[in-house]
Amino acid sequence: MRITRVLSGALLALGLAAGPAAADSSPSASPSDGASAPTSAGTSFRTATEVEQGQTATASASTGDYLYWSFPADSGLRPTVKATVKLPDAHVAQTWQIDVYDGLRRRQACQYGAQTRTAAQGTASIELTCVLRTVRSWSEPWANDPLPGTYYVRLTAVGLKAADLGLPVDAELRVDSKDIGGAAAVDGSLAKPLVPGIAVTSATEEDDDESASAVLSSLEPDDGWASGWWTDRWVWSGIGAVLAALAGIGGYRLTRGSGRPRQVPPGA
Amino acid sequence: MIRTQRLAAGVCALLAALTAGLAFPAGAVADETTALAPKVDLVLDVSGSMRTKDIDGGTRMAAAKQAFNEVLDATPETVLLGIRTLGANYPGDDQKTGCKDTAQLYPVGQVDRTEAKAAVATLSPTGWTPIGPALLKAADDLDGGTGSKRIVLISDGEDTCAPLDPCEVAREIAAKGIGLTIDTLGLVPNTKMRQQLSCIAEATGGTYTSVEHTDELTDKVNQLVDRAADPVVTPVATEGADSCSKAPALKSGLYTDREEFGQERWYRVDVEPGQELRASVSVSADRAMNPDYGVLLRAVTVHGREIVRGEAAGNGRTDVVSTGLRYPKAESDDDEAAAETVCLQVTNSYSAASGVKTTPGMPVELTVDVVDGPSQASDVASFGLGRGWWLLGLLVLVGFLAGVLWGWVSRWRVAVWRTN
Numbered sequence: 001m002r003i004t005r006v007l008s009g010a011l012l013a014l015g016l017a018a019g020p021a022a023a024d025s026s027p028s029a030s031p032s033d034g035a036s037a038p039t040s041a042g043t044s045f046r047t048a049t050e051v052e053q054g055q056t057a058t059a060s061a062s063t064g065d066y067l068y069w070s071f072p073a074d075s076g077l078r079p080t081v082k083a084t085v086k087l088p089d090a091h092v093a094q095t096w097q098i099d100v101y102d103g104l105r106r107r108q109a110c111q112y113g114a115q116t117r118t119a120a121q122g123t124a125s126i127e128l129t130c131v132l133r134t135v136r137s138w139s140e141p142w143a144n145d146p147l148p149g150t151y152y153v154r155l156t157a158v159g160l161k162a163a164d165l166g167l168p169v170d171a172e173l174r175v176d177s178k179d180i181g182g183a184a185a186v187d188g189s190l191a192k193p194l195v196p197g198i199a200v201t202s203a204t205e206e207d208d209d210e211s212a213s214a215v216l217s218s219l220e221p222d223d224g225w226a227s228g229w230w231t232d233r234w235v236w237s238g239i240g241a242v243l244a245a246l247a248g249i250g251g252y253r254l255t256r257g258s259g260r261p262r263q264v265p266p267g268a
Numbered sequence: 001m002i003r004t005q006r007l008a009a010g011v012c013a014l015l016a017a018l019t020a021g022l023a024f025p026a027g028a029v030a031d032e033t034t035a036l037a038p039k040v041d042l043v044l045d046v047s048g049s050m051r052t053k054d055i056d057g058g059t060r061m062a063a064a065k066q067a068f069n070e071v072l073d074a075t076p077e078t079v080l081l082g083i084r085t086l087g088a089n090y091p092g093d094d095q096k097t098g099c100k101d102t103a104q105l106y107p108v109g110q111v112d113r114t115e116a117k118a119a120v121a122t123l124s125p126t127g128w129t130p131i132g133p134a135l136l137k138a139a140d141d142l143d144g145g146t147g148s149k150r151i152v153l154i155s156d157g158e159d160t161c162a163p164l165d166p167c168e169v170a171r172e173i174a175a176k177g178i179g180l181t182i183d184t185l186g187l188v189p190n191t192k193m194r195q196q197l198s199c200i201a202e203a204t205g206g207t208y209t210s211v212e213h214t215d216e217l218t219d220k221v222n223q224l225v226d227r228a229a230d231p232v233v234t235p236v237a238t239e240g241a242d243s244c245s246k247a248p249a250l251k252s253g254l255y256t257d258r259e260e261f262g263q264e265r266w267y268r269v270d271v272e273p274g275q276e277l278r279a280s281v282s283v284s285a286d287r288a289m290n291p292d293y294g295v296l297l298r299a300v301t302v303h304g305r306e307i308v309r310g311e312a313a314g315n316g317r318t319d320v321v322s323t324g325l326r327y328p329k330a331e332s333d334d335d336e337a338a339a340e341t342v343c344l345q346v347t348n349s350y351s352a353a354s355g356v357k358t359t360p361g362m363p364v365e366l367t368v369d370v371v372d373g374p375s376q377a378s379d380v381a382s383f384g385l386g387r388g389w390w391l392l393g394l395l396v397l398v399g400f401l402a403g404v405l406w407g408w409v410s411r412w413r414v415a416v417w418r419t420n
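Heads up: the protein sequence lines correspond to chains A and B, in order.
The opening residue of the first sequence carries number 1 in the numbering used here; numbering runs sequentially from there.
The opening residue of the second sequence carries number 1 in the numbering used here; numbering runs sequentially from there.
Accuracy of the hints is not assured; some may be wrong.
Calculated from the model, a selection of chain A residues having no Cβ within reach of chain B, i.e. all distances over 12 Å [to be verified]:
1) 80
2) 93
3) 111
4) 113
5) 114
6) 127
7) 131
8) 221
Below, simulated DSS-like cross-link-like pairs (lysine-lysine); rule was C-alpha separation at most 27 Å, straight line [claimed, not checked]:
9) 176(B) to 246(B)
10) 161(A) to 357(B)
11) 192(A) to 329(B)
12) 86(A) to 192(B)
13) 137(B) to 100(B)
14) 100(B) to 117(B)
15) 161(A) to 137(B)
If you are wondering where the hints come from, they were derived from the structure by calculation, not from laboratory data.
Here a beta-carbon is modelled for each residue, glycine too, at the ideal position from N, C-alpha and C.
Construct the complete structure from the given sequences, taking the supplied hints into account.
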């Protein structure tokens, strides 16, 4: 009897602790060991420089350039893109903007953050942020929801005057993610992440072709793309089942009484 | 003794075989890399104005020479580099002759540093600034091979050879479909020159930089040469048709095309049941455009029914507007079910700013990926599982009530059994 009580107490405690703990387990955004951060940026989708989450990429460029980076984002994560631009010493008011695109080059909305900002004359630097929606593992083909795969970031000055073209600027980009966990776990999954050129890449891999040909996008999250099988909903549902069973036993004992009915004499 | 000799002979034969084996593939690889090697042509303005002493106290020419020497030292082995001059030879006043004055100083190929530096040292500022003709010749210099191609134009003055607009020349070069980018650097530029050089860069997806100091020039040219050395996927040129029936059939890959204002481009892709089609399209604004525009990509059946569309619109002006779509084709029970032909239609709502030539069309980049289809969702939540305190509360409550009921039933049954 005591054993049961202790066991159920322990299970309950474990369950209560494990549920939320699994929900806010640490974000997966950690820079990969030893890989040095890129020091240049691409100039188009095709030449975008690949950046891992948690890395700070830098680039020196000129005003009027379109700077492209790409980063991988997996389901259950909510990426935040932060860009800092060090402006030239003397400049008139300039408007800078970051746009984020998914692996299908569809523009992705920012939930919050200053995506476009105007630097007043003489400002030394400007910071832009874009908090994306949570990446989900599946969505209908007609929706524009963020899906696991490659994301592109474009940083540029918009509406520049001719006098401000071509001046040296330094840009910095960093992508971090918040793990939203099971709250965003939807059913269904893509067979392949939305990585451009993945059909070509996987075909070459199958052919065992060793040529080091260029690919549109090669970065993966640190621990590979999620299979879409695990979510903390398993923990919540499992604990719920255990608790329901315990509550059922408790309820049964309450009405049934202990063991035999009181009136029955021993040995009957 | 004999045994040792045999052993030695064997080792020699083995070594020879190994060397031969290694040598042949190595040779083949070398050929292949030359064809794929990135090519860069540095085009330097050697017009009379390069004599002006306004870069770090020296002449513009001196700054350019110093930068070239450093760039030649830092050029990666894989890059084939060439140097072309404009306005280096004809000092006269005749525009016609002056505007033909462009010469290849060092042919595009593996760089012999000493030779190239010696050639650069001979330059002295002389003539006109025929940017347009120089660009045309530079594009010819880079002809051949499948690697990326880049022209780096360094100039200190605007083109003096009207009516040939170097900006239009650049656009025509890009439209030839040889995957060429022109980057421009302006030495101590004025507004008009900035406009012209950035227009040239914009036409080919390149960059424009203003240069006021020697080290800026060196850093930028080095950066551009390094950028050329980065391996990039080369798109395949295709030509979309004006209707689905005549459209070219595409497989997974990266394609480029040109699309004029208000033109429709159609392509076809075969999708097997259980496969997913992913397509994205980017249309670049390679010239002065009116603001507010858009791009539409539609997936349509051969009978004209729209399956799915991707649309994008821009405000203001950026380099490119892009959109994409996914079409997962449902699994079929019939094993022999034929692949469906999906028509992709690309349209744009760009409009050219007044006085801008509308031909050639704008560059279109199309990626097509046909992959396995997704596993469909049967529920909103993952595997239909639940989550959260409300769920736990409900389960506990229902469990408890069920237990109470069960206990009550079993008690009643015992009572019934006892009375009987």
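Hints versus structure:
no.: 1; hint: 80; result: 22 Å, holds
no.: 2; hint: 93; result: 15 Å, holds
no.: 3; hint: 111; result: 19 Å, holds
no.: 4; hint: 113; result: 19 Å, holds
no.: 5; hint: 114; result: 16 Å, holds
no.: 6; hint: 127; result: 20 Å, holds
no.: 7; hint: 131; result: 21 Å, holds
no.: 8; hint: 221; result: 18 Å, holds
no.: 9; hint: 176(B) to 246(B); result: 23 Å, holds
no.: 10; hint: 161(A) to 357(B); result: 22 Å, holds
no.: 11; hint: 192(A) to 329(B); result: 15 Å, holds
no.: 12; hint: 86(A) to 192(B); result: 26 Å, holds
no.: 13; hint: 137(B) to 100(B); result: 10 Å, holds
no.: 14; hint: 100(B) to 117(B); result: 25 Å, holds
no.: 15; hint: 161(A) to 137(B); result: 31 Å, violated
When the structure is compared with the earlier hints, a violation turns up for hint 15 alone.
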